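> Protein chains in written order, with the numbering used here: chain A, 1 to 366; chain B, 1 to 550.
Hints were generated in silico from the structure; no laboratory data involved. Note that the structure is a prediction, hence the values are computed from the model and not measured. Where a beta carbon is used, it is the ideal one built from N, C-alpha and C, also for glycine. Among the hints, a few may not be true.
What the hints assert, rightly or not - BS3-like mimics (lysine-lysine), calculated; alpha carbons at most 30 Å apart, straight line:
id, chain 1, residue 1, chain 2, residue 2
1, B, K277, B, K396
2, B, K272, A, K108
3, B, K182, B, K272
4, B, K351, A, K100
5, B, K429, A, K100
6, B, K470, A, K100
7, B, K277, B, K470
8, A, K100, B, K432
9, B, K112, A, K126
10, B, K308, B, K277
11, B, K112, B, K277
12, A, K111, A, K126
13, B, K429, A, K126
14, A, K126, B, K521
15, B, K182, A, K126
16, B, K182, B, K109
17, B, K212, B, K470
18, B, K396, B, K380
19, B, K209, A, K126
20, B, K277, B, K351
21, B, K351, B, K165
22, B, K432, B, K308
Stated by the list, open to error - From chain B, some residues computed to sit far from chain A (all C-beta separations above 10 Å):
id, residue
23, R142
24, G175
25, N192
26, E258
27, Y286
28, D371
29, E399
30, R499
31, K530
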Amino acid sequence: MRYFPPQGVGHPEIRCFPIVISRFSFYIVLRYPMRAYLIKRLLLVIPTLIGISLIVFFISQLIPGSPISMQIYQLSQAGGPATDTQQLVEELRRQYDFDKPISVRYLKWLKGMFTLDFGTSIKDRKPVWDKIAERIPVSLQISFISLFLAYLIAVPIGVFSSVKQGTWMDNGITVILFILYSLPSFWVATLLMMFFCGGEFWDLFPIAGLSSRGAEDLPFWSWLGDRVWHLVLPVACMTYTSLAYLSRYAKTGMLEVIRQDYITTARAKGLSEKTVIFKHAFRNSLIPIITLAALLVPAMLGGSVIIETIFNLPGMGQLSFEAILSRDYPVIMGITTCTAVLTLAGLLLSDLLYVLIDPRISFESR
Amino acid sequence: MRRIFDRFHFNTTLAVLFLAIFSILNLSAFSDEPVRGDWLIRRLQAEPGTLNPIVASDAYESRVNYGMSGQVYETLVYRNPRTLKFDPLLAESWEESPDHLIHTFHLRKGVKWHNGQPFTTADILYSYERIMDPRVQAAHLRSYFKNLKKVAILDDITMQFTFSKPDYLSFESIGGMPIVAKSVFDDGQDFNTHPAGRAPVGTGPYRFKRWKTGQEIVIERDPNYWGEVYGRKVYLDQIVFRFVPDPTTALQQLEAGELDMMTRILQIHWAKKLNSKRFTRKFNKYEYYVPTFSYIGWNSRRPYFSDKRVRRAMTQMIDREKFVEKVLYGLGQVISGPLFFLSPYYDSSIKPWPYDPEAAKRLLDEAGWIDHDGDGIRDKDGVQFEFTFSTAAGSKNAEKIATLLKEELQRAGVVMNIERLEWALFIEKTQKKEFDANTLSWISPWSVDLYQIWHSSSAGANGSNYTSFKNKEADEIIEQLRQTFDEEQRIRLCHRFHRIAHEEQPYTFMYTGAELIAVDKRFEGVETFKLRPGYDLLEWWSPKALQAYP
């Protein structure tokens, strides 16, 4: 049975940049709306990225403190006859190009960008791109699984509490979710570790890391088992905090939909409550929460500093945190650029998803 | 490996039975004679940037490459942690000309790099040239060789270094110079980013096995090690360095048996957590001292701290004994000067200034810091005695010192504000001397050189004389110490310097904190030393019956 589309559901405005690129593109817009829209959005990525990188470059270099003074401190701790520090500072400044004006350094960085050269890290002289590529899979698998789990748990909770709105069960769920939301994850992580990782209590899970030693030599299924076993606690810590707001989203979406006339119609037709909720209301209530997922992509890549540090997972969170603390400018820039690209891609994706899910929104008017 | 099988292979009964029989058989062979085998899994607080010893600038690289005397890479000589004298390593013998200008080293024969190439004088020359190459990121090493005039290869195993002026540290600079293999690095690739920086090739008893980014570095015993012939024998088959930044996580891993050794244990963990039967049954705990000290620096460029009486007053306001007792749980030693209190260079007849707030107030009065305008705050020449105490955010001990001092000073009519700075900023402000007072610590090498921290020439923009301590007599002693080769005389000079530092109080010398390590009981041959890092993994071994790996 075809369902009646809801009327007047408040969709957030599709983000679009009010710039007409050329008459040519305008022509394409009219002829091939979807493709033209895509091209326009993709072209707009370039100035946006340059703008973002410009701001981040200048801000990161304006933070007081510099990698050189930290290096000098480390070296001074080694002791010895290093008295001529002034000369050392100048040599280090030359090594890292800090003797050149900031605008020159930015242009040099930008030039590297066009050839996809992110430069080398100050800390270990490794290419920034390699460092990021090494760590993306770690953060991605953790955040992907935890996001998936969070949706799997939060959406039914949201639907449930919207159906039972105002009852003690709804209130109870709300209270529990908000208690979970307010528990700091570093504390929960440490507690979980103390109780489940073979200290004084149960020895159920490994304390840290992604795999056991020698896991790479195991057959695939054992390797997978080992990996899952390592991921249980970090994923649990990442998941519980996002339950609260995701289920809120699901609940509001649902509430808005069941107030619609077409739901009343469905009920009036004598359909069972189950059919009304799951067949008629549920699908439409998913629009905001699915598009939200696209926007969460960059955050997924960012990883979590706290969880990664406590469970000793070499992910993006640790990398960016360390890079900022040690003023490793090339790495900071590399990560920011990646995140910016992904955010823009996420925005585009969520806009496209709107259209795919809701046929009433089209590109033609834009 | 052991842990995976525990959990994922359920047919372990057979293995357990087998193991039981195996250990019974082996117990009979149990003896005190060191045996080979087993791995040691230890913690590193952070991942080293590179394992190229010439461009490396962090201490983690040296834990992997060098340890106490050389694990992957080796140097010409090393300081024996027991005798505290230099012992031959890659160099078999050496001579020093009577004017201390020419050092001749005779290399050991038959030393090979891990890639099979012989180790020769050409490698030393190559390493020296790389250090001096301005394109190589080794600016920090170049200053060691400022006075080195000439490096000459006499033959394949003899090398001569000529200095332009006598300096006590010349010998050590050459003897401890990082040496890399010419055959590995000299292939036209950029030296700074050369792949060998992530897969070192050395001459030491351990060769590089693997480096898993963000996780661990593994080195394994080299069966062809040259030192065997000379009685330099090592036992452990592998040493695994796991990167575990978080101390609580590391401790948890230690307790669960995922780490065999943990260094730099926090005092609070040591005192509160590690006394359980469960822990002491499994681990030996070692508490020892290496040359480091914590201090509060009083910036003498500030009007109030330019007077030594004020600095002394500050010192006497701090109950250091109580601080060590309560905050460090007694795991430290209050000191009176910058020299290592367990070395002969420290004058133990100088006692730390006692905690005496009344005497401190008298000193402040004497210095002219009196509350003239009756607002409860001392002042002098119209300047209020109000200063800022900077600490690095996250340093709990620093914060406790600051809080204690603030209360004490309030009672004495001095206003102290506490400023917590993020580490990078804290260090930059310290180096630029933009602080009133701050607290930090120094790690010192065994051979005393006071130039870096105490000479007036180091008080410049980026020098390490952070408090701008300037004293003519001290400068003379420091310069003389560089030219003095007689041990007795060096000790006398150090004692004189100690006396000046005690009188002048450029720092409030707080304490030397104990190094706290825990090691799995299966390891034998564990001994602690006064030299950093304070233990020598090359001497450790574990009895066959107790070996846990592979």
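> Against each hint, give a clear statement of whether it holds in the structure.
Here is how each hint holds up against the structure:
| no. | hint | verdict |
| --- | --- | --- |
| 1 | K277(B) / K396(B) | holds, 28 Å |
| 2 | K272(B) / K108(A) | violated, 53 Å |
| 3 | K182(B) / K272(B) | violated, 51 Å |
| 4 | K351(B) / K100(A) | violated, 51 Å |
| 5 | K429(B) / K100(A) | holds, 22 Å |
| 6 | K470(B) / K100(A) | violated, 34 Å |
| 7 | K277(B) / K470(B) | violated, 53 Å |
| 8 | K100(A) / K432(B) | holds, 21 Å |
| 9 | K112(B) / K126(A) | holds, 29 Å |
| 10 | K308(B) / K277(B) | violated, 50 Å |
| 11 | K112(B) / K277(B) | violated, 47 Å |
| 12 | K111(A) / K126(A) | holds, 19 Å |
| 13 | K429(B) / K126(A) | holds, 29 Å |
| 14 | K126(A) / K521(B) | violated, 39 Å |
| 15 | K182(B) / K126(A) | holds, 22 Å |
| 16 | K182(B) / K109(B) | holds, 17 Å |
| 17 | K212(B) / K470(B) | violated, 48 Å |
| 18 | K396(B) / K380(B) | violated, 33 Å |
| 19 | K209(B) / K126(A) | holds, 20 Å |
| 20 | K277(B) / K351(B) | violated, 38 Å |
| 21 | K351(B) / K165(B) | violated, 37 Å |
| 22 | K432(B) / K308(B) | holds, 22 Å |
| 23 | R142 | violated, 8 Å |
| 24 | G175 | holds, 13 Å |
| 25 | N192 | violated, 6 Å |
| 26 | E258 | violated, 6 Å |
| 27 | Y286 | holds, 22 Å |
| 28 | D371 | holds, 36 Å |
| 29 | E399 | holds, 19 Å |
| 30 | R499 | holds, 22 Å |
| 31 | K530 | holds, 15 Å |
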